[in-house]
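There are 2 protein chains.
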Amino acid sequence: MNRITMNDTILKTKKQEMDFLRFMAKLGYDLVDLNVVETFNWGSITLDDQKMMDKRHSWTDGGVLHALRSDWTNSIVRYRKQYELEAEKIAYAGMVYKKSGTIHQMGVETFTSDISAQQEVLSDVLAFMKEHLKKNISIAVISHNKLLKKLLTKDQMEDPMIHRLVSERNRDALSHALSKDHPVIGLMEVRPEDQLEYIAGRFPELAQEIEDLKVWEDKLRKLSIENVYIDTLVMPRQSYYRGIFIQLYQKNETEPQASGGQYTSSSKAFGMGING
Amino acid sequence: MNRITMNDTILKTKKQEMDFLRFMAKLGYDLVDLNVVETFNWGSITLDDQKMMDKRHSWTDGGVLHALRSDWTNSIVRYRKQYELEAEKIAYAGMVYKKSGTIHQMGVETFTSDISAQQEVLSDVLAFMKEHLKKNISIAVISHNKLLKKLLTKDQMEDPMIHRLVSERNRDALSHALSKDHPVIGLMEVRPEDQLEYIAGRFPELAQEIEDLKVWEDKLRKLSIENVYIDTLVMPRQSYYRGIFIQLYQKNETEPQASGGQYTSSSKAFGMGING
Chain A
1 MNRITMNDTI LKTKKQEMDF LRFMAKLGYD LVDLNVVETF NWGSITLDDQ KMMDKRHSWT
61 DGGVLHALRS DWTNSIVRYR KQYELEAEKI AYAGMVYKKS GTIHQMGVET FTSDISAQQE
121 VLSDVLAFMK EHLKKNISIA VISHNKLLKK LLTKDQMEDP MIHRLVSERN RDALSHALSK
181 DHPVIGLMEV RPEDQLEYIA GRFPELAQEI EDLKVWEDKL RKLSIENVYI DTLVMPRQSY
241 YRGIFIQLYQ KNETEPQASG GQYTSSSKAF GMGING
Chain B
1 MNRITMNDTI LKTKKQEMDF LRFMAKLGYD LVDLNVVETF NWGSITLDDQ KMMDKRHSWT
61 DGGVLHALRS DWTNSIVRYR KQYELEAEKI AYAGMVYKKS GTIHQMGVET FTSDISAQQE
121 VLSDVLAFMK EHLKKNISIA VISHNKLLKK LLTKDQMEDP MIHRLVSERN RDALSHALSK
181 DHPVIGLMEV RPEDQLEYIA GRFPELAQEI EDLKVWEDKL RKLSIENVYI DTLVMPRQSY
241 YRGIFIQLYQ KNETEPQASG GQYTSSSKAF GMGING
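Chains as they are written, first to last, in full-length UniProt numbering: chain A, 1 to 276; chain B, 1 to 276.
Just chain A, same shape as in the assembly (with noise of 0.2 Å):
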């Protein structure tokens, strides 16, 4: 890249973050900056922290394990915790570490289980994408964790292979790690606006996630997005999420614009970022 290049791509990435950080001011957040090393006492470390560790540039030094932010959601969640923070609305803006590499991350978080609450956090951050990153959203993919967690074992769910073949819709391989009258392959055979209806009848003591997934279902489409999905078979990318969980696309895009969820910290939650 030369300088010019280089130069625009630095100063442009500032000024989203700041527009971001600014657009979430006005409306109300509480913005955060943490710092970037995280110190873990050995005697709290959840089982949801322990899972994420390896994935995350960590070391110990004088007996205090040090691990570099790896998600903004756990960081905030943390640290909300420990000062018993009472923001009901957050933004935060800048760069987390994994192992896999180094990305920018842009977003928001809502401690409620008032849905009509969570869903203005969602359109917040869908009106803060077209106005100031000029990107159309045109493409929702909805989920429920419980869905899969129902028709996988604990074991089935945390098995990294079972994890990829769900995601390349593998039936052939599927039926053979599991079975081939295995709900999930039942799933795949359906067509995809009548999952929800195989998924109710065999399952109806999942009335409730299926309910919730239609109410985000018409929030997305009241909020314009014309192609709304309810997608059962989607593996959530973190672990955390306790309920719906989204994925927001531009047209013709494989990698979502901006992506979020239910998930459960001391109170209910929901959150939504934007991959920078």
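Source of the hints: derived by calculation from the structure; they are not laboratory data. Only a predicted model underlies this, so the values are computations on that prediction, with no experimental measurement involved. Keep in mind that the hints are not guaranteed to be accurate.
Put simply, identical chains are the same to the list, so a pair is met inside one copy or across any two.
In silico BS3-like pairs for lysine-lysine, Cα to Cα no more than 30 Å straight-line [what the hints assert, rightly or not]: (1) K12 - K81; (2) K26 - K150; (3) K98 - K55; (4) K55 - K146; (5) K99 - K51; (6) K12 - K26; (7) K268 - K150; (8) K268 - K222; (9) K12 - K51; (10) K89 - K12; (11) K81 - K222; (12) K15 - K134.
Chain A is already provided as a structure; the job is to place chain B on it using the hints.
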């Protein structure tokens, strides 16, 4: 801190960073943004790198030494060498992480032995501080790394106690630690304005260094800094300085607002950093 204060602080820092980078880009600087995680090959770690390592967050992973950026100049020099960058003037802004804490740095580097080009960089930093940070630098302290090095042995230079005593100008304790008729004690006994003459009389081989100090003193006065002092007893803040180094203060402040100096990369170089 309440929401408004916190939000304002975060937005102000982001804006300053962007203003600084824009200001310098317009003046022809190349902007750089380096990964906060640096990796080192065991075969090519320099003595200078080693000396800084115990103050840095560092860890090994797969046999590779990793460390967090702890000083921009240091990281830029290493990066420039590795990728054979041609850039003559570089500007940066961002966090640095030491075990002792996290600070925000913005600064510039120039890779040239041309003193007037080096002084232009100093002048650019002063212009930014005045225009954008509304900081009025009224005090400049100039030193040269060769002077104390001539007066003290290598062991004494690296002795933290001697370091502290010289910084504190503790004549009694130093008389004890060195000797009553040590030239460092002699220097403390003459008036600051007579220090150079005292050194010139005893160490004629330092004529060039003394001349350099006078050239920079003259430049700083021309840049409208009211009080310019040459102080031969200042210990360099960075071990990489090879030549003059400068600290800039506002009136009645004990911590410098900016500091910098000459060092050697593949070529001679000069850098100034603003403490955020």
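Tested hints:
1. Proximity of K12 and K81 under a CA criterion of 30 Å is satisfied inter-copy only: 27 Å between copies versus 33 Å inside one chain copy.
2. When the C-alpha separation of K26 and K150 is checked against a cutoff of 30 Å, the pair qualifies neither within a copy, at 41 Å, nor between copies, at 58 Å.
3. Taking the closest pair of Cα atoms, K98 and K55 come within 30 Å of each other both inside a single copy (6 Å) and across two copies (23 Å).
4. In this assembly of identical chains, the alpha carbons of K55 and K146 lie at most 30 Å apart only when taken from the same copy (24 Å versus 47 Å across copies).
5. For the homomeric pair K99 and K51, the shortest alpha-carbon distances inside one copy (14 Å) and between copies (26 Å) are both at most 30 Å.
6. Within a single copy, K12 and K26 get their C-alpha atoms as close as 21 Å, and across copies as close as 15 Å, so both meet the 30 Å cut-off.
7. Within a single copy, K268 and K150 get their C-alpha atoms as close as 21 Å, which meets the 30 Å cut-off; across copies the closest is 66 Å, which misses it.
8. Proximity of K268 and K222 under a CA criterion of 30 Å is satisfied intra-copy only: 24 Å inside one chain copy versus 62 Å between copies.
9. Proximity of K12 and K51 under a CA criterion of 30 Å is satisfied in neither setting, with 35 Å inside one chain copy and 36 Å between copies.
10. Taking CA atoms no more than 30 Å apart as the test, K89 paired with K12 passes in both settings, with 26 Å inside one copy and 20 Å between copies.
11. With identical chains, the CA atoms of K81 and K222 are never at most 30 Å apart, being 34 Å at best within one copy and 54 Å at best between copies.
12. With identical chains, the CA atoms of K15 and K134 are at most 30 Å apart both within one copy (14 Å) and between copies (22 Å).
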